[in-house]
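Residue numbers (the UniProt record's numbering), protein chains in the order written: chain A, 1 to 361; chain B, 1 to 361; chain C, 1 to 361; chain D, 1 to 361.
Read the hints as simulated data drawn from the structure, not as lab findings.
Careful, some of the hints might be misleading.
Identical copies look the same in the list; a pair holds intra-copy or inter-copy alike.
What the hints assert, rightly or not - With a straight-line Cα cutoff of 25 Å, these simulated SDA-like cross-link-like pairs (lysine to any residue) come out:
id: 1; residue 1: Lys101; residue 2: Pro274
id: 2; residue 1: Lys45; residue 2: Glu98
id: 3; residue 1: Lys101; residue 2: Asp275
id: 4; residue 1: Lys26; residue 2: Thr142
id: 5; residue 1: Lys26; residue 2: Leu140
id: 6; residue 1: Lys101; residue 2: Asn43
id: 7; residue 1: Lys91; residue 2: Gly312
id: 8; residue 1: Lys106; residue 2: Arg133
id: 9; residue 1: Lys101; residue 2: Glu88
id: 10; residue 1: Lys101; residue 2: Pro160
id: 11; residue 1: Lys101; residue 2: Asn276
The lines below spell out each chain.
4 protein chains.
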Amino acid sequence: MTTTTPTAPDILRCAYMEIIVTDLAKSREFYVDVLGLVVTEENDKEIYLRSLEEFIHHNIVLREGPEAAVGVFSYRVRTPEDVDRAEEFYKARGCRTERRKEGFVKGIGDSVRVEDPLGFPYEFFYEVEHVERLAWRYELYTPGALVRLDHFNQVTPDVPTACAYMEDLGFRITEDIQDEEGTIYAAWMRRKPTVHDTAMTGGDGPRMHHIAFATHEKHNILAICDKLGALRLSDHIERGPGRHGVSNAFYLYLRDPDGHRVEIYTQDYYTGDPDNPAVHWDVHDNQRRDWWGTPVVPSWYTDASRVLDLDGNIVPLVSRTDASEMEETIGADGFSYTRREEGEDSMPRWKQGEYKLGHQM
Amino acid sequence: MTTTTPTAPDILRCAYMEIIVTDLAKSREFYVDVLGLVVTEENDKEIYLRSLEEFIHHNIVLREGPEAAVGVFSYRVRTPEDVDRAEEFYKARGCRTERRKEGFVKGIGDSVRVEDPLGFPYEFFYEVEHVERLAWRYELYTPGALVRLDHFNQVTPDVPTACAYMEDLGFRITEDIQDEEGTIYAAWMRRKPTVHDTAMTGGDGPRMHHIAFATHEKHNILAICDKLGALRLSDHIERGPGRHGVSNAFYLYLRDPDGHRVEIYTQDYYTGDPDNPAVHWDVHDNQRRDWWGTPVVPSWYTDASRVLDLDGNIVPLVSRTDASEMEETIGADGFSYTRREEGEDSMPRWKQGEYKLGHQM
Amino acid sequence: MTTTTPTAPDILRCAYMEIIVTDLAKSREFYVDVLGLVVTEENDKEIYLRSLEEFIHHNIVLREGPEAAVGVFSYRVRTPEDVDRAEEFYKARGCRTERRKEGFVKGIGDSVRVEDPLGFPYEFFYEVEHVERLAWRYELYTPGALVRLDHFNQVTPDVPTACAYMEDLGFRITEDIQDEEGTIYAAWMRRKPTVHDTAMTGGDGPRMHHIAFATHEKHNILAICDKLGALRLSDHIERGPGRHGVSNAFYLYLRDPDGHRVEIYTQDYYTGDPDNPAVHWDVHDNQRRDWWGTPVVPSWYTDASRVLDLDGNIVPLVSRTDASEMEETIGADGFSYTRREEGEDSMPRWKQGEYKLGHQM
Amino acid sequence: MTTTTPTAPDILRCAYMEIIVTDLAKSREFYVDVLGLVVTEENDKEIYLRSLEEFIHHNIVLREGPEAAVGVFSYRVRTPEDVDRAEEFYKARGCRTERRKEGFVKGIGDSVRVEDPLGFPYEFFYEVEHVERLAWRYELYTPGALVRLDHFNQVTPDVPTACAYMEDLGFRITEDIQDEEGTIYAAWMRRKPTVHDTAMTGGDGPRMHHIAFATHEKHNILAICDKLGALRLSDHIERGPGRHGVSNAFYLYLRDPDGHRVEIYTQDYYTGDPDNPAVHWDVHDNQRRDWWGTPVVPSWYTDASRVLDLDGNIVPLVSRTDASEMEETIGADGFSYTRREEGEDSMPRWKQGEYKLGHQM
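Next comes chain A alone, as it looks inside the complex (with noise of 0.2 Å):
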């Protein structure tokens, strides 16, 4: 007896993601009020957010519910028979599915729902209700304008297991962080030829660690921060703004109500050929994650958002047995490849024997 394994579903791109917010007025607040998304439609239990070069109906869906989670993570597909793809994918993996031919949200059709091996619940769809592009819409534009849903970014035990999982349903590694003993701290995958529509990032899973939109120009994030210093919400940053190294992206995250962390990122790079050179980056390297080299906040080693099952449960963490980025990286003394491995002579004269400039007490 033979057994073919199922083509994987054409993946045209991350494409929205349903977000349980505990105080809906609140989450509206901050995504509409100060992020400036737009809303497509809403009502006293969901809001439909999306944003300005967007031409499908959201890219976020906010509902209320009893505690903070995310309900799924949704890719659009190039056809409507690769929704049945990726409902057989799944199935000859075992997992969960469960086909909407209404769709499960408003505003998209005919969709299939997935606990996908690694715990996350993700979503396949190709009918869309088209709404404005909003793009030439100036007279709507903030300074902090979010004009794409760039990527999310998922937290889970075991990198490698993910991205053979993700390698076999179309997605390519981009670039990861590794270290000299072959460990992998976090991955890079994209479908759209950028450097990710996801990244599966090593700690305790399934959870989600961030959705990101991107805007234009730099000065656009830097906006942003102004307007939450302005609003006396600045606590909501968590970190940044700054220029990663994986990516060569200009960055900035953000915290929302319930602790949800979104990113915000402008210009990386066209990653579309088959070829494309993958990057890794040594876990060493203290510009990895900041190019300028300021430590990363623990809390964002740290946090992350639960996710759901199709019934609506929490799904209960794994937790990570392979090494820890932050352990590894923020230690005693804190930081830095180039002094570790380069020794002190490569230090500025003024700083030899001392902690890096940026460290915290």
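Chain A is fixed; fit chains B, C and D onto it per the hints.
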């Protein structure tokens, strides 16, 4: 018998700083190759540097010496007679002065240097050699082009005393940091109509906290960080980039190879009216130093450059006895006015009972 | 018998312009809804507007009237006594003056208005109501935020005569446009240390050429164009955006609903030293008005707003008799110093014998 | 007997253009010294250039020849077999093809060149030498850094015919310019998910209209203009900078020393979904080519570069017989959809009965 208080000289602006460096070649790499300051002239003992919009001979003199220090803070006055007035102003205060008709450095004529009441070496001059203002020479611009000297910043133990003297000298306070008991932690003072030509920062002094150059736009400052990252010199970044609360400017702090601190700064506001409203910040407002609430690294509070007397000897330090801003604002818990004053109810739900995001181990 | 020349008032800066508009509601749409100037107060006859970093009551008064015109060019002086000095300065020149202790408009106290030797209505005041400086209120910023009043620009037939009077009044020339025969086509004059508080442009006068507001960065100016395009109001864009040769600033010229010209301007240079080098541009240098060589549209040379006398009547025009910059520089062939002086050899090969790229039919 | 249509090759993206220049040293100054493209390799006959984020050998080959022309438009395909498919695709259409396993230029392997149905020299390859992607090498960035090849633009007489062929080849239309009678004036077509890999512009053809490189931000484009002004090379600026209506990108058109047109371009939008909404612009909409309503200079419509056949001879022109966009939109009066359609009532009051602001003599 009556005494008359001498008239203060009419000071135009901060003009240049003489900086003693221990390795001239290494400093040249930093100021010329990395930061792109323009060499007006140089020899094996000193380098004269200017910014792109400057038309006087220099904004920095780098001079090689046995110990990193600051040789002089130099101000330009409105007329040749104002040099006389400066001399008389300090003599009347019993300060040591030295007048040189031919100037102390190349490119500058008749000057007086003084040991001021706070222990700082100050210089005043009018005569100066004009050089080409390179403002229109865009073929010379780098992505992080420095276009103007903006200000000095000095560390002195008793800020109110320092302010009283500086106001006699004709400076005006534009902003300061205080607490509810009236302690002054720092004050910003101007002659030209920007937020400052110099600032007085409370601490053991006399020391030089930083010298600041202006760029045209914020992306120019980010480009300097990107370049430092590319050159694997990110350890030179001490703090920022960020938005100041005080001054509302966008900033970055670097440390040169000797540890002298250089700020890159852009976009404060016009302050030239005599009734310009001074802004008073509460030392417990965690957005005063960084509008986005990013914690100030301790080295930024503790480190500063020693200064020389007119004989070239390091001036001894006097300790601050007033409260320390660092101790007031980086304590056991760390941060934030809003929390201490307003209580936990004002905090985002996901972090009540937690440290501020961004808190470092 | 001896006469003494009165001392000039110590002028701080250009402060506000009173602009007569024919449809207050339409003008409000332009200045408030499109440009984002802040309403300090308004009624059905007049609107008081200010820029985001301003702390005095207003930078523009829009007043409804039967004919589009300029009511006054108003400058702030350093002290209350400087208002007296201004009054004496103009009386000594035989100019009509009117003093009102309670001020002519809301928010401004003791003022003198004059009909100046060039026929312009000028005002001088010190007393002014302070309002909130909105510099830190980033939640109010639009992508094209106007942060400061930068300068006025006036049309007058005899530029050298105008300059001599303005220098008596304490202004200094920073740049001008000349030809080899000594004709002066325009001159830029400052009190605050920017390139200008006002400029004198040669042409039939007295007329108001434009009023200019500053943004922080160049992208803010581009955002104003994008918004005008989105609102299908691009006809309001007259010239630019571009880089000036004169002033080195980035610019855009708009026309309001009555045709009053508004410049948006950013990033000129410090000019506060008494020996600041003046820049003299050749009228045949095709980069003087636009550094990129973009032709100036004829309306920019020909159109300007009429001004009112102290009785509110339109001031008659005096014709320019000196050479016209437009005729000198937009002729049969159009353009360019380089070509006329240096000949065809200096032209790119592909266009020898051709008009300049950018030449319009 | 049945015939099967050959499968189109799976084209990834526009990859490079071979440009014949008449003075290699002069062209090097323009592309390397002014624009900052990176030399991968060069000899006295040809220069291989790439953009900063590119990892394939080159994006431009400059080759010295007796007459300015374009040697080839080259596309990268997904697999080696797609080169075979390309060869078959064109052979089936009766087009001349030439296959070289060793490639036609350095750095590229097995390639096929064709004389396509429109008379253009097209090339397809997969094999290519990888070189360093300089994305993180910020020490090499100039203020106007070119980071990616974005697209080609071709002039051809019959746009609908051209589109039909290109759609067979796998391209998709993202935007076009039409009139109410169905005339197509231009169409934008993509493989990678940007607005285009090439565009078909109506006119006498085959000719090359331009090649376009992307920058990260708008200020990078302005910096190129500033540098050209500083070098007194502003005659190389033909049109812009401005905001396109079509594509929503920010743009600048330059002419190289031979008159070849180079666009600098940034910030169009994602188009990768199969149902991406195409945008159809009315040829009478004066914001279609420039969102700010700035008139298009006639040379931009009339000038373009000739192309070579596979023997290196200039391909003869076929004249356009459809209506001309230039004649439709730059006529006796000049401009603007709004006015012609909506009448004078929609015009600003101050210009009724007048030409559009910006109209040139």
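Going through the hints against the structure:
no. : hint             : verdict
1   : Lys101 to Pro274 : between (34 Å within a copy, 20 Å between copies)
2   : Lys45 to Glu98   : within (23 Å within a copy, 63 Å between copies)
3   : Lys101 to Asp275 : between (37 Å within a copy, 19 Å between copies)
4   : Lys26 to Thr142  : both (20 Å within a copy, 23 Å between copies)
5   : Lys26 to Leu140  : both (22 Å within a copy, 20 Å between copies)
6   : Lys101 to Asn43  : within (23 Å within a copy, 58 Å between copies)
7   : Lys91 to Gly312  : within (20 Å within a copy, 57 Å between copies)
8   : Lys106 to Arg133 : within (18 Å within a copy, 43 Å between copies)
9   : Lys101 to Glu88  : within (15 Å within a copy, 41 Å between copies)
10  : Lys101 to Pro160 : neither (34 Å within a copy, 38 Å between copies)
11  : Lys101 to Asn276 : between (37 Å within a copy, 22 Å between copies)
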